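Residue numbers (this note's numbering), protein chains in the order written: chain V, 1 to 694; chain P, 1001 to 1307.
It is worth saying that the hints were derived from the structure and are not from the lab.
All values derive from a computational prediction rather than experimental measurement.
Be aware that one or more of the hints could be misleading.
Sample of chain P residues at the chain V side, in silico, Cβ under 10 Å [to be verified]:
id, residue
1, 1111
2, 1140
3, 1151
4, 1160
5, 1163
For glycine and all other residues, C-beta sits at the position ideal for the given N, C-alpha and C.
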Amino acid sequence: MADLLIELFSEEIPARMQARAREDLKKLVTDGLVEAGLTYASAGAFSTPRRLVLSVDGLTAESRPVREERKGPNTTAPAAAVEGFLRSTGLTLDQLERRADKKGETFYAVVEKPGRKADAIVAEVLDTTIRAFPWPKSMRWGNGSLRWVRPLQSILCLLTDETGAHVVPLTVDGIEAGNTTEGHRFMGMGRFTVSGFDDYAVKLKRAKVVLEFSEREAAIWQGAQNLAFAAGMEVVPDPGLLAEVAGLVEWPVPLMGRIGEAFLGLPPEVLQTSMKEHQKFFSVRNPKTGRIEGFVTVANIEAADGGAVILKGNQKVLSARLSDAKFFWENDLRVAKTGMGEWAEGLKSVTFHNKLGSQAERIDRIAALAREIAPLVGADAGEAERAARIAKLDLQSAMVGEFPELQGVMGRYYALEAGENPAVADAAPDHWRPKGESDGVPSDPVSVALALADKIDTLTGFWAIDEKPTGSKDPFALRRAALGVIRLVLENALRFSLLRGPFRKGADLVGEREAAFADVNDLLAFLHDRLKVTLRDQGVPHDIIDACLAMPGNDDLTLLVKRATALSETLKTEDGANLLQGYKRANNILAQAEAKDGVEYSYGADPKFAEADEERALFAALDRAEATITPAMAAEDFATAMAAMAALRAPIDAFFTAVQVNSDNPVIRRNRLNLMHRIRAVCSGVADLSRIEG
Amino acid sequence: MSDATTTPRSFQEIILRLQGYWAAKGCAILQPYDMEVGAGTFHPATTLRSLGTRPWAAAYVQPSRRPTDGRYGENPNRLQHYYQYQVIIKPSPPDLQDLYLGSLAAIGIDLGVHDIRFVEDDWESPTLGAWGLGWEVWCDGMEVSQFTYFQQVGGHDCKPVSGELTYGLERLAMYVMGVDHVMDMPFNDPDSPIPLKYGDIFRQTEEEYSRHNFDQADTEMLFQHFKDAEAECDRILAAVQPDKAGRSIVMAHPAYDQTIKASHIFNLLDARGVISVTERQAYIGRVRALAKKCADAFRQTPAGADL
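Just chain V, same shape as in the assembly:
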């Protein structure tokens, strides 16, 4: 048994790539070792900005011997074929075995691979891993041809067993593996030798490197909280930032500073975004005032002066940044006070898409669409239109120019400054939602109307100019827009026809300009496809959705989902499942007869021709079912309708047991076929069961 330690020491690895790289290193090396016949007990991967590390414990000293046998050509095969086989096996003719079989005699290559030393395997696997490492972006440097995320400077590769530690002989593109590494760039004391993982971790810490990512994260978070607490403040949690910062330092030293008084009036989102995006600072809140009043920066060095110079420098950079932000904010507020007309004017010269006109033209369309949608979602049409006119104006503001991620957030501030009412102002941030799967949807009617109008304009627009998503290509994020429409409708339980209402209107609005007319049915099908994916994830099978999609009113998504959910529940019951079989039997008999006779049996079955009791019972059951289903469907009470449909199971089963549909008497046969038709018709009022599989 041996322990393996690998360190790939390089120039600074981007923080965002480290987590994935740790996993990749572990997987590629351990998979390679196992594939080559070694086994191991456990493995752990680590990263700092300058190193990727893998420690493998309990590695077998050599691989098991392997015997490989390969069948070759017949011994009478042409020489070229035999030569090819020799080449591929690396053997000579006298090393091949000849074995008699049905076709005469065949060459066999038997290769006995003796067990190989772990050294050789590790060297091979590591070489392959380094050369094929899946960095999202890699580069060459100097004269070399090797690719790594940044220049690879040294390789440490050590096997340690009872007899001690030795370097695995390995050279990759001129870099020879050794048993040394170095610590912190500024606080380490040059290169040092290591004898194994424990020794490595201890010496690294002495050389001011915290190897464990989670330990650095914890140190940063704890340190930041302590600093804030001592000042009676609290750190605003930001796991994404924490992970990033932990990937930027080998020896984290949190330092806290205060935001200058002059900047405390800026919106908290602006302070947070500016500090995070530009400087990777944590925001520190004063619980008494509720404001962001400080920051924590994380240095990578224990400075001789306790960090005074570093903090001063950071503070200076922050002041410069916030001066810019303040300048933007104050200028923007001036424009907002005058009603933001300047920005509306500016959007006239901003192209949304060269075939779909300017942002201003787009806003005109969205405003008209929002008016149309407003009554459908319980919003005031005037407010919805007003919201459409102001919600995107902040795209022209200086602040959003600097921080695009603040779009909408700033829009709300500026709308309030312009004197808009809160429902209208809230639509500025909320109409962009849902921004992703984890984001919620707005529920205020004005925001809902605008969010729908925005997304539907995008969809009908790109449909009109035939820029639909294909395969993995969706440059205009139309799938996300479609999913947004679906979620807005379903999560607000909105009831309206997409096709007759918003889609048609959206297409008309684009058509006015483009002369192209969006195929709104195609767009609806696209939405249905997205909906199927969503429902499938919720456990509703695709054929059940198909059965409901075949029904009228399928552009009312809330109704559609209600129907599908009820059908899914019904078919899970025993009666439901059996009814489906009965329905299919009836349908098959009918289809065959109709094909054979060339007529459609839909004239109307008459109970007076019924012979058997079961037949009469089925007539009665269908009458009863219809009497329940019709009003239930009208009331969209799918549960009751489907329960009534499922109740047909017993009479249908009894009928098929007792009665032969294809009677010799043509009158009786026709009547029974027409009865089959009634089964189909009654069930089809609920859903198209013929689409259900199984």
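Dock chain P against chain V, hints included.
For chain P alone, kept in the frame of chain V given last:
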């Protein structure tokens, strides 16, 4: 007084120390290119010389013009004309990071009390058809340099790879000397008989050029000049027939001058706000096409061919 550990007293002292440092490290100290460029990278000593296998090491100051950054001399940190210090070494030496840190120490940055960080920043110049990987270097949270390993220039793979360092001189100098407004920064030694501040030299020009770049540059003429530069670049490169003396010389550098011109004219048009978002991409593409042709041509010359 030029002891490396002391704080420089003037803008020019920082430049002189960098010149001295990189000269001592073996770089040829070149002079600025005599044309209007947006960054030190445009100097043919970087763009063209990063192509081919011939080793190269140069350092120089490059006055750079970014018309859209003009603020009439009022903004403490923004200028439409500023200085970059550029170092380009091919192949990139294995200790380039250490060499770079040495240069910071040389201009008075004590690496024991400052927080120096290499933060991911992939560099791309769409107008030059060039890209590379590297970092922006932070000193106490301030970006002080750009550090790039060129992977491609003018559409050609860089083999070997050049290492490029770009220092934003004003910003770096302001930080080192603790100056808050660029115009207040001493340009020469403050104890000189005639002490000059940055503002004494550049405040007026910033005002003049800001007005010119934003309001006055004749756009019709510039559009024409852009076309002229484009056509001239093509014409020069197409001139393959031998000259009067019977020599066939590929004129990669004169053609590249036209690329530089086109790029600067585009920047001016951009500052004048007469190029729409869609047109913007097209113009960048046109400059890139020129840069690529020049790179192709340079590879045909003795300086750019593979050894």
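### Hints that the structure is at odds with (numbers, increasing)
When the structure is compared with the hints, none of them turns out to be violated.
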